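One letter stands for each residue in the lines below.
Protein chains: 2
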Amino acid sequence: MIETAKKAKEAAFRIANIDSKLKNNVISSLCTELEKRKNEIISENSIDLEKGKKKNLSSAILDRLKLDDKRIAGMVEGLRQIIALEDPIGEVIEERKLRSGIFLKKVRVPIGVILMIFEARPNVTIDSFALCFKAGNSVILKGGSDALHSNRILAKIIQEVLAKNKLPEECCQLVESHEAIDELLKLNEHIDLVIPRGGERLIKFVVEKSMIPVIMHYKGICHTYVDKDADIKNAVEICYNAKCQRPGVCNAMETLLVHKDVAKSFLPKLAERMSSVELRGCERTRGIIKAKPATKEDWNTEYLDLILSIKIVDSVDDAISHINKYGSKHSDAIVTEDKRAQENFLKRVDSSSVFVNCSTRFNDGFEYGLGAEIGISTQKLHARGPMGLRELTTYKYLLLGHGEIRK
Amino acid sequence: MIETAKKAKEAAFRIANIDSKLKNNVISSLCTELEKRKNEIISENSIDLEKGKKKNLSSAILDRLKLDDKRIAGMVEGLRQIIALEDPIGEVIEERKLRSGIFLKKVRVPIGVILMIFEARPNVTIDSFALCFKAGNSVILKGGSDALHSNRILAKIIQEVLAKNKLPEECCQLVESHEAIDELLKLNEHIDLVIPRGGERLIKFVVEKSMIPVIMHYKGICHTYVDKDADIKNAVEICYNAKCQRPGVCNAMETLLVHKDVAKSFLPKLAERMSSVELRGCERTRGIIKAKPATKEDWNTEYLDLILSIKIVDSVDDAISHINKYGSKHSDAIVTEDKRAQENFLKRVDSSSVFVNCSTRFNDGFEYGLGAEIGISTQKLHARGPMGLRELTTYKYLLLGHGEIRK
Numbered sequence: 011m012i013e014t015a016k017k018a019k020e021a022a023f024r025i026a027n028i029d030s031k032l033k034n035n036v037i038s039s040l041c042t043e044l045e046k047r048k049n050e051i052i053s054e055n056s057i058d059l060e061k062g063k064k065k066n067l068s069s070a071i072l073d074r075l076k077l078d079d080k081r082i083a084g085m086v087e088g089l090r091q092i093i094a095l096e097d098p099i100g101e102v103i104e105e106r107k108l109r110s111g112i113f114l115k116k117v118r119v120p121i122g123v124i125l126m127i128f129e130a131r132p133n134v135t136i137d138s139f140a141l142c143f144k145a146g147n148s149v150i151l152k153g154g155s156d157a158l159h160s161n162r163i164l165a166k167i168i169q170e171v172l173a174k175n176k177l178p179e180e181c182c183q184l185v186e187s188h189e190a191i192d193e194l195l196k197l198n199e200h201i202d203l204v205i206p207r208g209g210e211r212l213i214k215f216v217v218e219k220s221m222i223p224v225i226m227h228y229k230g231i232c233h234t235y236v237d238k239d240a241d242i243k244n245a246v247e248i249c250y251n252a253k254c255q256r257p258g259v260c261n262a263m264e265t266l267l268v269h270k271d272v273a274k275s276f277l278p279k280l281a282e283r284m285s286s287v288e289l290r291g292c293e294r295t296r297g298i299i300k301a302k303p304a305t306k307e308d309w310n311t312e313y314l315d316l317i318l319s320i321k322i323v324d325s326v327d328d329a330i331s332h333i334n335k336y337g338s339k340h341s342d343a344i345v346t347e348d349k350r351a352q353e354n355f356l357k358r359v360d361s362s363s364v365f366v367n368c369s370t371r372f373n374d375g376f377e378y379g380l381g382a383e384i385g386i387s388t389q390k391l392h393a394r395g396p397m398g399l400r401e402l403t404t405y406k407y408l409l410l411g412h413g414e415i416r417k
Numbered sequence: 011m012i013e014t015a016k017k018a019k020e021a022a023f024r025i026a027n028i029d030s031k032l033k034n035n036v037i038s039s040l041c042t043e044l045e046k047r048k049n050e051i052i053s054e055n056s057i058d059l060e061k062g063k064k065k066n067l068s069s070a071i072l073d074r075l076k077l078d079d080k081r082i083a084g085m086v087e088g089l090r091q092i093i094a095l096e097d098p099i100g101e102v103i104e105e106r107k108l109r110s111g112i113f114l115k116k117v118r119v120p121i122g123v124i125l126m127i128f129e130a131r132p133n134v135t136i137d138s139f140a141l142c143f144k145a146g147n148s149v150i151l152k153g154g155s156d157a158l159h160s161n162r163i164l165a166k167i168i169q170e171v172l173a174k175n176k177l178p179e180e181c182c183q184l185v186e187s188h189e190a191i192d193e194l195l196k197l198n199e200h201i202d203l204v205i206p207r208g209g210e211r212l213i214k215f216v217v218e219k220s221m222i223p224v225i226m227h228y229k230g231i232c233h234t235y236v237d238k239d240a241d242i243k244n245a246v247e248i249c250y251n252a253k254c255q256r257p258g259v260c261n262a263m264e265t266l267l268v269h270k271d272v273a274k275s276f277l278p279k280l281a282e283r284m285s286s287v288e289l290r291g292c293e294r295t296r297g298i299i300k301a302k303p304a305t306k307e308d309w310n311t312e313y314l315d316l317i318l319s320i321k322i323v324d325s326v327d328d329a330i331s332h333i334n335k336y337g338s339k340h341s342d343a344i345v346t347e348d349k350r351a352q353e354n355f356l357k358r359v360d361s362s363s364v365f366v367n368c369s370t371r372f373n374d375g376f377e378y379g380l381g382a383e384i385g386i387s388t389q390k391l392h393a394r395g396p397m398g399l400r401e402l403t404t405y406k407y408l409l410l411g412h413g414e415i416r417k
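Sequences listed follow chains A and B, in order.
Counting the first sequence from 1 gives a position; my numbering is that position plus 10.
Counting the second sequence from 1 gives a position; my numbering is that position plus 10.
Don't read these hints as lab results, they were simulated from the structure.
Treat each hint with caution, since some may be false.
Each pair may be met inside one copy or between any two copies, as identical chains are not told apart.
Unchecked claim - List of simulated lysine-lysine pairs, DSS-like, C-alpha gap at most 30 Å: (1) 417 with 349; (2) 238 with 115; (3) 115 with 243; (4) 16 with 229; (5) 16 with 214; (6) 229 with 64; (7) 166 with 176; (8) 116 with 243; (9) 115 with 229; (10) 63 with 166.
The model shown is predicted, which means the values in this text are computed figures rather than measured ones.
Chain A with its partners taken away, still in its complex shape:
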C-alpha cells in the first residue's frame, strides 16, 4: 500500500497547479465516456447485483448498488455541475503588507492525497474523484466489496480519461482488499486526509485506527422542537416535510420534541398528517395520541425510515439539553414565533446547522449554494456541515520580501 500512497502523492504534486480548463476538460471527457460506455458499466454492475442477490443483501442496499440508464445520466449531470463550479485553487484569501515590510498572501491550495472509504454506492466513485480532482487532490478509493465490479469499470474509465489527457492515472486509484485499510490508515506521511462514509461500525473503526486526520460524515439524529409559541399549521408542515419528504437521508428528522403547553393542540394534528408514519412516544405523548412506547434507545436511533420518536419537554432549555445529549450535531430545528426562544436555540444548540421555522431537509450543499458536496461533516475541525470543493482545500502563506531580516 505504501507504493499506492507514494504514487498518489507524486500525482498530487503534478496536479496541484494545473489550470481549471484542463481539469474541466478531464471531467467533461469523463461525461462523454460514461455515456458512451454505459452498456459496459451496466453489464459489470449486473455482476455485482447478481452476487448481491445470492448473498441476500437487503433490497435497500441492492437499490443503492444498482446502475441503470437513469442513474448514469444522474452521474453525468452531477459531473456537469462540478464543471460549472468555480475552481477554488489559487484564490487569494487574504493579503496585506506586514509591519516588517514583507507582503503576505494567504492562498488556497489543494490538501494533497485524500483517502475515501465508502460502502456499496458506485456513484460515490465518480463524485469523489471529480470533487477531489477539481480541488487539485489525488484520491485513493476504497469502495464496498459488494460494488467491486462496478467500481472497477468506473475507476478504469477515470484512469483512461486521465491518461488521454496526459495526466497521471494515480490521481485516482482503487484499492480492493479490506485488509489494505489498516495499512493505509497508518500512512500519515503520504495521505493527508481520510473521509469515511458509511455505518457506525465503519466510522468508529476508522477513527480508532487512523493516524491520518479524519473527517466524519456520521449519522444524522436530527430533531425538530415545536415550541409553545409555534405557529401550529407551519409546525405540522415543517415536521411532515422533515420526516417524510425523503426519510432515508441523514438530514431527515428522527425525533420530535414538543413543548408541554402546545402538545394537546399540536400532536393530534400531527398524528393525522403523519398517518403513514410509525409513531413512538414518551409517556406524556401517549396520553394524547396513539403511539408505541419510546425507550431511551429511540432517542439514540437514526431510523432512516418512516418512524418518528416523540418527546414532550417542559421548556426550550430542556429541548436544547436533549439535543446536545442525544443528537449527532447534524441538523436541528425550532418552530416558534418567539424571538428569544429562537435566539436561545440558535446560540446553544451545538450542531453544524441550526434551523428556525423551516425543515431540516435543507441541510445540503446545493441548497446552501456550495454546489456539489462530498457529504455533510458532523465534526468540528476543518469542515463542518456540507463539504464542497472549498472544504477539500487548505491554504498556505506566501511571504514576499526584499531582504528583510528579523530583529
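The hints should help you fit chain B onto chain A, whose structure is shown.
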C-alpha cells in the same frame, strides 16, 4: 478522566456565549493575581528546579522551566496582548438569502473542549488557558511532570480567578498523571481537539493513540535556498538571520541549499559570516569551504542549535524536491531575483509558509498580524501555520426560515 472531560464540556457550554467584556475581565484579573502572587509562584517553581537539578535535567530544559520576575512580567505582557485582540466569537463569516427564501448565516463559534499536552514550560499553562478561554473554549492541561509544582500553582490561580468571576473552574483543569493521557485520548465524545506540543516521541504517541482530532505543532526543519540569481549580499544576511538570530526555535534554518553556479562566490562569504556556526556540508560544499561531512541523517535533523547543514543542488527543481522530501512543511525560503524561480518555488514547495528574499524567522503569529499564537501548525487540516485565536474556533450555520419546506 471521563468526569474531568464531562465537566470540561459542561463548562464549555457555559462560556460559549459569554461576552467579550467578561472574558477580558477574567484575563485582566489573572494579570493582577500573577503579579500579586509572584513570590508564591517563584517559590513553587523553585521546588521543580531543585528536583530538576537532582534529576540532571539539561541546562536548556532547566532554563525553560525557570520562572523569575522577568518571566512572570512576560506572561502578564502576553495576557495583555490577548486582552487587546478582537474576540472572534459571533463573527458573521458569510450571510446570504438562499433560493428557498431561507436566510443563511455562517457564524464563528468555539470548538468546545481542547486538550493541551506539553512539556516543561510553565508559561504554556497561562498562554493556553487565556487563548482557549478568549475563544470560548475550556481547556484540559497536561503539562510535563518536571513542571508539576509550577503548573499546580498557576492552574490554582486561574481557577480562583474563574470562581471569583462566577465562572466554572472546570474551564481550566490540570491533569497530572501521565497515564491519564491514554484515557483522555479516547474521549472523543467529550473532547473536541488535542494539541500536543513537544518532541517527536510525544507527537507520534498522540497521533497514534488519539481518537480525537489532533493538530500537531511539530518540528521545523526549515530551508533557505540560495538560487543562481540571488543577490549575494542579501543572501548572506538572510541566511545569517535565519540561522543565528534565535537558533533554538522552530522557524530557524536548519539546512541551506545552494545553486551550483553560485556556490563558489557565495559559500566563502557565508562561512566567514557564520564563523560561530558548525557547518556540515555535502561533498561539493566541502570542496569549496571547510565543513564536517553531512550525512543523510543531517537532512532530517532539527538541530535547534548553531549547526547548519549545507547542500549544493543543480537547479531550483532539485531544491524544491529536497525540501518536499526532507522538510517538515514549516517555513522555507528562496533567495533570488529571478521571478520565474520565485514563482516555481512559491507554487511547488508544500509548506505552510514559503518565503521569497527574507528570513524564515518571520513565521510567527505576531509578525503575521494574528496576535498571540498557541503554536505553528505543521499539518494541513483546519489550521496551518501560526495558530491564533481564530484558529481555535469553528463555525456553524444558522438558517432563518418562514415555514419553508423542501420540494
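Hint check:
For the identical chains of this complex, residue 417 and residue 349 are inter-copy neighbours only, at 27 Å across copies versus 54 Å inside a copy, given an alpha-carbon limit of 30 Å. With identical chains, the CA atoms of residue 238 and residue 115 are at most 30 Å apart between copies only, with a shortest distance of 25 Å across copies and 51 Å within one. Taking CA atoms no more than 30 Å apart as the test, residue 115 paired with residue 243 passes between copies only; the shortest distance there is 26 Å, against 52 Å inside one copy. For a Cα distance limit of 30 Å, the shortest separation of residue 16 from residue 229 across copies, 22 Å, qualifies, whereas the shortest one inside one copy, 32 Å, does not.
In this homomeric assembly, residue 16 and residue 214 come within 30 Å of each other (Cα to Cα) both inside a single copy, at 26 Å, and across copies, at 20 Å. For the identical chains of this complex, residue 229 and residue 64 are intra-copy neighbours only, at 29 Å inside a copy versus 54 Å across copies, given an alpha-carbon limit of 30 Å. Within a single copy, residue 166 and residue 176 get their C-alpha atoms as close as 15 Å, which meets the 30 Å cut-off; across copies the closest is 63 Å, which misses it. When the C-alpha separation of residue 116 and residue 243 is checked against a cutoff of 30 Å, the pair qualifies only between copies, where the shortest distance is 29 Å, while the shortest distance within a copy is 49 Å.
Within a single copy, residue 115 and residue 229 get their C-alpha atoms only as close as 38 Å, which misses the 30 Å cut-off; across copies the closest is 23 Å, which meets it. With identical chains, the CA atoms of residue 63 and residue 166 are at most 30 Å apart within one copy only, with a shortest distance of 25 Å there and 64 Å across copies.
Hint check: no violations occur; every hint is consistent with the structure.
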